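Peer 1: Chain residues, written in single-letter form:
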Amino acid sequence: MSDAGDRAPRPVGRGRQWRVLLGLLPFAALAVVWVALVRVFGVRLVFLPPLEDLPIAIWGMFANEGIAGDILISCLRVAAGFVAALLLATPLGIWMGYSPRAQRTFEPILGFIRYMPVPVFIPLCILWFGSGDLEKVIIIFLGTFFQLTLMVQDAALSVRRDFYEAAIMLGAPRRALIFRVLWPAALPQIFDSYRVCIGWAWTYLIVAEIVGARAGIGFYIIKAQRYLMVPQIFAAMILIGVLGMTTDLLMGAAHRRLFRWSERNTAS
Amino acid sequence: MDDQGQSRARFRKQAVRLRQLRKVYDGQGGPLTALDNFSCDIADGEFAIILGPSGCGKSTVVRIIAGLEPPTSGTVLVNGAPVTEAGKACGMVFQSYTSFPWLTVLENIAFGLRYTAGGGRRERHERAREFARMVGLADFENAYIKQLSGGMKQRVAIASALATDPGILLMDEPFGALDSQTRMAMQEQLLSITEGSDKTVIFVTHDIEEALLLGDRIYVCTARPAGILAELDVPFPYPRTPALRAQKKFGDMKYEIFHLLRDQAYAQMLEAAGERRR
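As given, the protein sequences belong to chains S and X, one line each in that order.
Residue 259 in my numbering sits at position 259 of the first sequence, and the numbers go up by one each step.
Quick note, my numbering runs 268 ahead of the 1-based positions in the second sequence.
The following block holds chain X by itself, in its conformation from the complex (with noise of 0.2 Å):
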């Protein structure tokens, strides 16, 4: 029980249960192929994390957890059932700024609550404000979103995903787009964020060091079509703080997903190279 204490809810019911998933699309040179037997149970109250090389595939995956595309073939189950309709089980960060501009902070974090939460306009500025402080952003409830920077913009994105309390966060490379720095400070307050709450995380990324700091357990992929090479548990106890970086089995671990995903990344490069030729 210690053991296993460390890596959150290891015996906990399964939150997403995906088998043999596949997915083809329709590329300009025939059909594309983004997954090809792609299966993973991940536990309720588990950050995941889905890491493989750019371009594999792997955010198709989190798409089609959340309901926005459907699979060519193969099972998914949200909660114990299938997806019937986006937005119901999962929320979802994207990498693009996705916060509406013509709304302010606060309310681009009201704005689910109207859906998903009772109560008039007054009750989900109160609670949106709560989340606006959550993330750091009370001074900045009135501005609007041009006026913010990357890494407030995703905060925003974060906040408002939450705010509607979803089971499940997605979390689609949140923090592809933002610079080094910003992009740590950020991971930071996710880890404070999630590890007080029994939230499953979902989160995409090709980054092996935002995947050892922030993940429980890591679902390493393979280049396209992307499917799983590597399952692995991430040690290290809570609170996470960015002193792991130094600890000698994160080093550890980190050449040895970096090895795994060495050949695979390679792979990638050489057939969208083939693929620039035909």
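For reference, chain S alone in the conformation it holds in the complex (with noise of 0.2 Å):
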């Protein structure tokens, strides 16, 4: 029924190294091909710069530049952006869930504007809000909400029916379905697509500090290209990506530990 069901049981003990070590395997392939470009086939500096410069460039990065300030910014931006977003649109899609009219009225108009890229809305929010951290946060509340909406609302949709009966047989008012039987049963998938909406405001965030921004990790980026500092330009997506994969990895850890009675959480 679930798709972790159908697997086959994990391995324990030393077996877990090993599956770590696995997923190490493509990033020691990627530094191959990486030294390889530099060393065997000459591709300039100003491109690609040699993989020992990266270690260098971070420490820079923060030593030097101030990057730590950016990054709390950034995260800042993307944690007010989110957060907003999911305040809004978890109400909101369980009620479209659970209510085939609210469903009905609201899901026209979310399905329209969320095929609106992004940033499409930065021109106009630049105009409204000015470049600082609102537009930022804002934008990051437009690329979530309204996926984060549907996405609520499908969980919500996807609670077995059979469950709202059996409740309603054990003497719980209509009143109580929501709270006690959909909120509940929806749970695990809500926080799924939290986890998943959250890497893209990562995007969002990024795209909006490129376009127009004095701070972030983003705007860090654009800087370093201005002055062709190559090395700090790989060393910011690095560590977009070592924020990006924490965060996730603190969320999958989170979902485990909050529905261990879930299908999907074998470990018990």
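Treat the hints as calculated values from the structure; they're not laboratory data.
All values derive from a computational prediction rather than experimental measurement.
In the DMTMM-like style, the derived pairs of lysine to aspartate or glutamate whose C-alpha atoms are separated by at most 20 Å in a straight line are:
1. 356/X with 162/S
2. 281/X with 463/X
3. 281/X with 499/X
4. 414/X with 263/S
5. 522/X with 456/X
6. 467/X with 456/X
7. 281/X with 433/X
8. 414/X with 162/S
9. 356/X with 466/X
Cβ-Cβ distance ranges computed for the label pairs, FRET-style:
10. 290/X with 111/S: 37 to 43 Å
11. 453/X with 116/S: 55 to 61 Å
12. 111/S with 456/X: 53 to 59 Å
13. 322/X with 254/S: 42 to 48 Å
14. 530/X with 252/S: 54 to 60 Å
15. 383/X with 130/S: 49 to 55 Å
16. 160/S with 523/X: 38 to 44 Å
17. 383/X with 109/S: 33 to 39 Å
18. 418/X with 22/S: 31 to 37 Å
19. 109/S with 340/X: 33 to 39 Å
20. 253/S with 513/X: 50 to 56 Å
21. 294/X with 173/S: 26 to 32 Å
22. 295/X with 105/S: 26 to 32 Å
23. 173/S with 301/X: 31 to 37 Å
Rough simulated footprint, nothing fancy, chain X against chain S, three-plus residues with beta-carbon under 8 Å:
24. 161 to 170
25. 178 to 190
26. 255 to 265
Idealized CB from N, CA, C, for every residue including glycine.
Grab the two chains, each in its own frame, and use the hints to assemble them into the complex.
Peer 2: Printed below as a string of structure tokens:
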């Protein structure tokens, strides 16, 4: 029934370390290709810096260029935009998933707006809100809210109908069904939607910061490009990757902890 | 009296009265009549079996008694009154596993007590614990549903339904998804639970042996649209055991019902085949 249920049992103990090693293999392959491109094929340093320059570049970013401040600003922007989207999308999505009338009312407009690429909002937002933090937060909100609402709705709609009937037959009044059945039943999938959306939030943040900003990681990349500081561009990209992956790992761990009961979380 | 005493509660008042029940669904190939002219009276305290071929519409009967669906026409009286709100007079055990996976076994059994019984969380759990013990799940109180076998899941569902102390317990093929050994064990356990109580049980099944083992009275349904084909009293005394299956009378009755049902099952099959062609 669940996708995890069909998989072979996971190895334990030493097998766990081996799994982590497996995940590192593509990284190693990427490094080999990189070094080969520079050393063997002689790609010019302006396009691809030597791999060994990257640690120095990363160190320099923190030591001399105050990247930590940019990271903090970027993280706060993501957090603000994403939390705002989450707080509005969750109740709206649940309402749409519960009430067919709400679904009929909101689904067309959400479906319409969500196909507008987020960058098309940037010129207007800069016009209305300037190019400060507010504009970045709003871009992230616009990029995630519509998608997230529809994903939450989908999670709410996928709650088994017989759970409602079972609750009713146990004496639960209709008004209790949302909080006592729909919400707990749909929460793991809703949490998954959060996890996906926070990745998009990072993307939209960088887009907004590259188009116009005075701080943040995206701004750092644009600055580095202007001065042809290529190692710094790569270093910043790696940083974004690490930040994104950390968020995702944390969300994944939280999912396993919060939803031990879920069929998907096989370890119990 | 001796004669009648064997099948319980013959003379008590009616728990459920169905008159001229009709239910029509909007199917893809036009309207589909699930029930037609379905009438019966189920006495208070009776273990009533609704027996019929698969897909004949017998589940619809309990869903209507439960209040989960309205009949297209006809009268339904539960404890003498029309059904206005589902879940008030009846508890229900479904064929699908409907225990809530986000709750532990104990929390599942206590779920309905929040709405039907007074007291705080502690008292509710105390009461739920009794029912967990009754269905033999005392050691699994804190387990989640995904950790249980199919039979255990249905025991949670039975305990949850019984904990709210409904006057009428509806069971819609509750053992239909279980393997035959588990099924027999569950039948025995259900017997031991219901023999000591005065609950009305309305149990839907297509299994003739199950019907004879559990029921006081069997309502045999026709092929779709379901109506009453025959009503039979099951004369076996309590306490009943699986050894009943070895009795000659059991075999005779099984054969008799088999004959009644065979034509209906054929009719059902032919109709299903016709539908597929259409």
